[in-house]
Structure formats: structure tokens, C-alpha cells
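2 protein chains.
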Amino acid sequence: MQSHPPYELYYWPTIQGRGEFVRLALEEVAAPYIDVARLPEGRGGGVKAMTKVMHSAPATTLEPFAPPFLRAGDQLVSQTANILHFLGPRHRLAPDDDARRFEAHQLQLTIADFVNEAHDTHHPLGPSLYYEDQKPEAKRRAAAFRTERIPKFLGYFERVLGRSTGGHFFGPSISYVDLSMFQVMVGLAYAFPRAMTAFERKVPELAKLRDRVKERPQIAAYLASERRIAFNEDGIFRHYPELDGNAG
Amino acid sequence: MQSHPPYELYYWPTIQGRGEFVRLALEEVAAPYIDVARLPEGRGGGVKAMTKVMHSAPATTLEPFAPPFLRAGDQLVSQTANILHFLGPRHRLAPDDDARRFEAHQLQLTIADFVNEAHDTHHPLGPSLYYEDQKPEAKRRAAAFRTERIPKFLGYFERVLGRSTGGHFFGPSISYVDLSMFQVMVGLAYAFPRAMTAFERKVPELAKLRDRVKERPQIAAYLASERRIAFNEDGIFRHYPELDGNAG
Chain A
162 MQSHPPYELY YWPTIQGRGE FVRLALEEVA APYIDVARLP EGRGGGVKAM TKVMHSAPAT
222 TLEPFAPPFL RAGDQLVSQT ANILHFLGPR HRLAPDDDAR RFEAHQLQLT IADFVNEAHD
282 THHPLGPSLY YEDQKPEAKR RAAAFRTERI PKFLGYFERV LGRSTGGHFF GPSISYVDLS
342 MFQVMVGLAY AFPRAMTAFE RKVPELAKLR DRVKERPQIA AYLASERRIA FNEDGIFRHY
402 PELDGNAG
Chain B
162 MQSHPPYELY YWPTIQGRGE FVRLALEEVA APYIDVARLP EGRGGGVKAM TKVMHSAPAT
222 TLEPFAPPFL RAGDQLVSQT ANILHFLGPR HRLAPDDDAR RFEAHQLQLT IADFVNEAHD
282 THHPLGPSLY YEDQKPEAKR RAAAFRTERI PKFLGYFERV LGRSTGGHFF GPSISYVDLS
342 MFQVMVGLAY AFPRAMTAFE RKVPELAKLR DRVKERPQIA AYLASERRIA FNEDGIFRHY
402 PELDGNAG
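Residue numbers (the numbering used here), protein chains in the order written: chain A, 162 to 409; chain B, 162 to 409.
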């Protein structure tokens with residue numbers, strides 16, 4: 162990959178959001194990349210640089226519907242799971258076998274569904290309204306998410322991971338699915354600390370995977386760097402105590 | 162493909178739902194398939210046959226998180242967009258070029274996001290509650306969907322389709338994206354006839370594509386057959402007049 166120009170990642174510059182799943186993959190393999198919207202406008206960065214690409218994609222590339230998207234040479238790839246499906250085989254973050262690659266992608270798409278539902282806990286009435294305009298509805302949706310959806314999704318991933326040998330979803334080698342699962346686990350712990358503290362003992366394999374990923378040299382260095390944006394209440398995983406089953 | 166055993170499609174037997182995107186692809190190419198859950202239990206069908214596969218996947222295949230899933234020989238593929246990504250190249254329903262295949266998949270994933278939002282108009286508080294338990298919230302979410310999300314998503318697809326030559330998303334050959342877009346257009350027209358009648362003139366290319374797909378011989382035969390389940394209020398696209406901007 163040394164002879165290729167660096168990847169250009171386009172995503173909102175102040176949140177982890179869906180872009181974080183791509184950042185983790187690029188960081189794990191130490192792939193040179195530019196996080197374009199986080200550069201100052203004077204250096205060709207900022208949100209403006211991102212929206213410009215979205216609205217002036219040349220006739221030869223498909224415009225993205227939404228961030229994140231990745232420029233890799235002539236290709237512009239969007240949709241988080243699609244970007245990882247693209248990067249995986251290039252950087253040995255996906256299984257070698259073709260049938261297993263469809264499985265990795267399936268797991269990533271199920272993670273995407275779960276992440277959508279995590280987002281909807283604070284936006285049940287949709288992305289057009291602020292959280293403040295849908296707080297009672299958010300409380301109802303979050304309760305169902307904590308008591309039914311977290312157990313259903315994490316129970317599934319725990320079962321699948323438990324059946325694998327080697328500590329990762331696809332044996333001894335790490336894949337983008339492991340990295341994404343780490344992100345989901347830390348995101349849930351940030352958003353729902355009370356619920357997740359109680360639930361964690363039911364998903365011991367996922368907890369071990371999270372800790373294992375966190376300690377990987379490239380990931381540890383990334384998490385300690387300024388490149389890792391802190392969780393905050395503009396992202397997907399938001400900590401609103403009233404949504405975590407506390408009085409609010 | 163003649164030498165292969167027929168595909169086995171597993172999906173809820175009484176709705177179009179997400180399974181319909183797969184059915185349309187299989188029907189267009191006249192691929193032999195068994196819609197397993199629609200067979201009588203006495204012939205190895207029914208929902209029971211479906212859940213059995215979900216809960217007893219052999220160690221060599223990844224269990225699906227949810228229907229639809231497709232058995233193709235030894236492979237069990239799930240997640241709607243992933244199934245189409247799998248079927249596309251096998252049946253010439255995807256572009257030949259690898260970069261274009263990522264684009265087709267990107268469009269399908271954006272359709273999936275749109276379909277999720279269409280579903281959430283009647284289930285804003287999540288899948289755990291009945292529609293009847295979330296009617297006021299559904300009304301608010303549906304209003305935002307009609308006035309903001311339909312124009313944003315369909316506007317995007319109209320732009321992309323308008324830039325293509327040959328009447329389909331990827332030139333003169335039909336792809337699974339065209340078939341899925343047809344399904345979205347007829348689904349929206351079923352669920353939101355009032356809103357869509359007003360909006361259709363803003364997306365003339367999509368309207369033409371819908372009509373073109375509908376008239377393809379295999380699709381026309383399928384739509385006229387008993388295999389096509391009628392839209393109903395258990396599926397994704399549901400007609401509740403109160404969500405279509407009528408007094409309700």
C-alpha cells in the first residue's frame with residue numbers, strides 16, 4: 162500500500178459516530194489517511210470540504226448519500242459497512258475465504274442495525290427534531306432498548322463469538338468486525354453505564370474481546386491520541402442519565 | 162445454475178417485508194427457489210422451519226440474526242443487502258465492474274436505510290410495542306418522514322438515476338438496485354398515496370423506472386401470480402390514512 166496516496170476519510174469532525182468504525186480499521190493497520198473534515202479550512206479541510214465532495218461528485222463516481230465516505234484513489238466508497246467490506250480484504254481485516262467474507266459483512270450489517278437502534282433511543286421521532294423535543298418518547302424507546310434489544314443483539318453476538326476459537330469472530334486473526342464490536346461495547350457503556358454494568362456479566366466473551374482490542378498496540382496508541390474524539394452528546398452513543406433507567 | 166439445487170428463501174410467509182427485495186431478484190432471473198416458510202408444515206415449511214434453521218445452524222455456518230436469509234448450497238447468507246450482493250454477480254443483476262459493484266451495494270444500503278425509516282413511521286418507539294400503543298408518536302414521525310425524509314432520499318435517487326444513461330441505475334442492464342427501487346416506489350405509494358401522488362412529479366425518472374420494471378415479463382408474471390403477497394398492515398409499508406396527512 163506504500164505507493165498509494167493516503168486515504169481520505171470524510172466524516173463529521175466533532176463526533177465519533179459512524180465514522181469511528183472506519184477510523185478504528187485504518188488505525189489498526191496503520192494505513193495513512195487524512196481525516197479531511199478535521200483539517201482547518203485553510204488547509205482544505207472542514208465540513209465545507211466534505212459537503213463539497215458530496216455535491217460535486219464527478220460523473221464517474223457515485224455521490225455519497227451521507228458521511229462517512231472514503232476516497233481511495235479513484236474510488237469513492239460510502240456506507241460504513243460497505244467501506245469496511247472494501248478495506249477488509251485490502252488490509253487483512255477480513256477473512257481470506259469468500260464465504261466467510263459474506264459472514265463478516267453480515268455481522269457488520271447487524272452491528273449497523275444495532276447502532277441505528279442505539280441512535281433511535283434519543284431520536285425516536287426521527288432525525289428532524291432535537292432530543293429536547295422528544296424526551297418522553299426517548300424515555301419509552303430507551304427502556305425497550307435496554308430491556309429487550311440490548312439482550313437480543315448482544316446475546317446473538319455473544320453466541321456467535323463463543324462458537325469461534327481464537328478469541329475473535331473469525332479465529333485468531335482480528336477482523337473489522339472485532340474492532341466494530343469493541344466500539345459498540347464501549348459506546349453502550351458510555352451511554353448506558355447503569356444498564357451495561359448489570360448486563361456485562363451475561364456477555365463475558367464480548368467483554369473479553371473488548372479488552373483485548375483495547376490493548377492492541379495500534380488501537381491503544383490511537384485511543385490515547387488526540388485523534389480519538391471523546392464521546393459526547395452530539396454523537397450516536399449519548400449519555401443521558403434519564404435514558405439509562407435513572408429517575409430523570 | 163441448472164445443476165445447483167434450488168435456493169431456499171426463508172422469510173415471514175404473510176408479508177412482503179424485506180424478503181420481497183430478494184423475491185424480486187430471484188423472480189427476475191427465474192432462479193428456482195423455495196419460499197420455505199410459505200410451504201405447509203406437513204411439507205417441511207411454515208415459520209417453524211424457519212426458526213429451526215435460525216436456532217440450529219451448524220457450527221460451519223453463521224446463524225442469521227433475523228430473516229430474510231437464503232440457503233445456497235452450503236452457504237447461508239443473511240441481511241437483505243448482503244443477499245443481493247451475493248446473488249447479483251451470480252445472475253447478472255450487478256454491474257460487471259468491481260468498483261461499480263461497491264456502488265450498487267452502496268445504493269442498496271441506502272435503500273435499506275430508507276426502508277428502515279419507512280418502517281419507523283408506524284413504530285417510532287421501536288419493534289417491542291404495537292402500532293396501537295404508539296399512534297400519536299407515529300403521527301409526528303410520519304409527518305417528518307413525508308415532508309423531509311421522502312424528498313431527501315428520493316431526491317438523491319432521482320439525481321443518481323438521472324445521471325445514468327440507459328434507463329437503469331447502471332446503464333442499459335437491469336440490476337437488483339432497479340428492482341429494489343421499484344419495490345420502494347410501489348411500497349411508498351401504498352403507504353402514503355396522498356403524499357406520493359403529490360410528490361411523484363418531482364421524481365419523473367424514478368416513476369419511469371418503476372413502470373419499466375413493472376412491465377418486465379418475469380416481474381409482470383410474478384406480480385400477477387399468487388406468489389406476490391398483497392401489501393398489508395403487518396409489513397413494512399402500511400397504509401394508515403392518519404399517517405398520510407389526513408385527519409385521523
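Read the hints as simulated data drawn from the structure, not as lab findings. Wrong hints could be hidden among the right ones.
Remember, identical chains collapse to one label, so a pair may be satisfied in a single copy or spanning two.
[Unchecked claim] Once the Cα atoms are required to be at most 25 angstroms apart in a straight line, the calculated DMTMM-like pairs of lysine to aspartate or glutamate come out as:
(1) 213 / 224
(2) 363 / 394
(3) 296 / 258
(4) 213 / 372
(5) 369 / 224
(6) 313 / 387
(7) 296 / 224
(8) 213 / 257
(9) 213 / 196
(10) 300 / 278
Looking back at the numbered hints, which does the structure fail to meet, lowest number first? Numbers 2, 3, 4, 6, 7, 8 - these are the hints that the structure violates, sorted from lowest upward.
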